[in-house]
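J.: Here the protein sequences line up with chains V and P, keeping their order. If you read the first sequence in this note's numbering, its first letter stands for residue 1, the second for the next number, and so on. If you read the second sequence in this note's numbering, its first letter stands for residue 1, the second for the next number, and so on.
Everything labelled a hint here was simulated from the structure, so no lab data went into it.
The following residues of chain V were derived to be distant from chain P, with all beta-carbon distances above 12 Å:
#1 Val11
#2 Gly16
#3 Lys20
#4 Asn70
#5 Ala72
#6 Leu120
Calculated cross-link-like contacts (lysine to any residue; reagent style SDA-like; alpha-carbon spacing at most 25 Å):
#7 P:Lys3 - V:Arg37
#8 V:Lys41 - P:Lys110
#9 V:Lys41 - P:Ala13
#10 P:Lys98 - V:Leu46
As the structure is a prediction and not an experimental result, all values here were calculated from the model. Using N, Cα and C, we set each Cβ at its ideal position, and we do this for glycine too.
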Amino acid sequence: GAVVSQHPSWVICKSGTSVKIECRSLDFQATTMFWYRQFPKQSLMLMATSNEGSKATYEQGVEKDKFLINHASLTLSTLTVTSAHPEDSSFYICSAVPGTSGTSSYNEQFFGPGTRLTVL
Amino acid sequence: DAKTTQPTSMDCAEGRAANLPCNHSTISGNEYVYWYRQIHSQGPQYIIHGLKNNETNEMASLIITEDRKSSTLILPHATLRDTAVYYCIVRVPLRFNKFYFGSGTKLNVKP
Numbered sequence: 001g002a003v004v005s006q007h008p009s010w011v012i013c014k015s016g017t018s019v020k021i022e023c024r025s026l027d028f029q030a031t032t033m034f035w036y037r038q039f040p041k042q043s044l045m046l047m048a049t050s051n052e053g054s055k056a057t058y059e060q061g062v063e064k065d066k067f068l069i070n071h072a073s074l075t076l077s078t079l080t081v082t083s084a085h086p087e088d089s090s091f092y093i094c095s096a097v098p099g100t101s102g103t104s105s106y107n108e109q110f111f112g113p114g115t116r117l118t119v120l
Numbered sequence: 001d002a003k004t005t006q007p008t009s010m011d012c013a014e015g016r017a018a019n020l021p022c023n024h025s026t027i028s029g030n031e032y033v034y035w036y037r038q039i040h041s042q043g044p045q046y047i048i049h050g051l052k053n054n055e056t057n058e059m060a061s062l063i064i065t066e067d068r069k070s071s072t073l074i075l076p077h078a079t080l081r082d083t084a085v086y087y088c089i090v091r092v093p094l095r096f097n098k099f100y101f102g103s104g105t106k107l108n109v110k111p
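Build out the structure end to end from the sequences listed, making use of the hints.
T.: This is the structure in C-alpha cells:
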C-alpha cells in the first residue's frame with residue numbers, strides 16, 4: 001500500500017524558533033498533499049493544500065506567513081512553523097493523494113503518522 | 001461537502017460486531033462516503049468507501065441506505081485493537097478535493 005512518512009515524529013523547541021516538518025510519499029508521487037493540525041481530544045483540522053510547483057492554498061483563518069509550506073518535489077512537502085509559540089503546540093499530520101495528472105485512480109488520501117510539536 | 005453526524009462514543013464487546021452509524025442527510029449525488037479511523041496519536045487509516053452499493057473489504061463492511069442519507073460501518077468481529085476514533089466523511093472523489101473531518105465516534109472495544 002501507499003506509505004507516507006513524516007519527520008520528525010516529535011519535536012520540542014523554544015518559543016520564537018522555527019520548526020520544519022517533512023512529509024514524504026515513499027512509494028508514489030503526489031502532486032497534492034494536505035496538512036492538518038489536531039489539538040488534544042479534538043478532530044483533525046485542515047490547514048492547507050500543498051501543490052507541487054505552485055503556492056499552497058490555506059484554509060480560512062490559517063496564517064500563511066506563520067505556516068510556510070513548500071512542495072519542492074513530487075514526493076516531498078514541508079511545513080515550517082515560524083516563530084513558534086506555546087499555542088502552536090499540536091499534532092501535525094500530512095496526507096498525500098497518489099497521482100500527478102488532473103485525475104487519480106485513487107479515491108482516498110494516505111496519511112502520515114503525524115508530528116507532535118511542543119513549544120516551550 | 002456535505003456534513004456528517006456521528007454519535008460521540010460507542011462501546012462494543014470484544015468479538016462482537018461493531019455497528020457505527022453516520023448521518024449524511026445533505027449528501028449530493030456525486031459524493032462518496034468514506035470511513036477512516038484514528039488510533040491514539042497516529043495518523044488516520046483508510047477503512048472503506050462507497051457511493052450507493054454496499055461495500056466489503058478485509059477490514060469492514062459499509063452499508064448505505066437506499067436514499068443515501070445515512071450509512072453504517074460494520075466491524076464484524078471487533079478486537080481490542082479496533083479501539084479508535086472512527087470518522088465518516090463525504091466528498092466528491094477528485095484529487096484536489098479536501099477531506100473535512102467531523103468529530104467522529106470513539107469506539108471502545110471492551111474485553
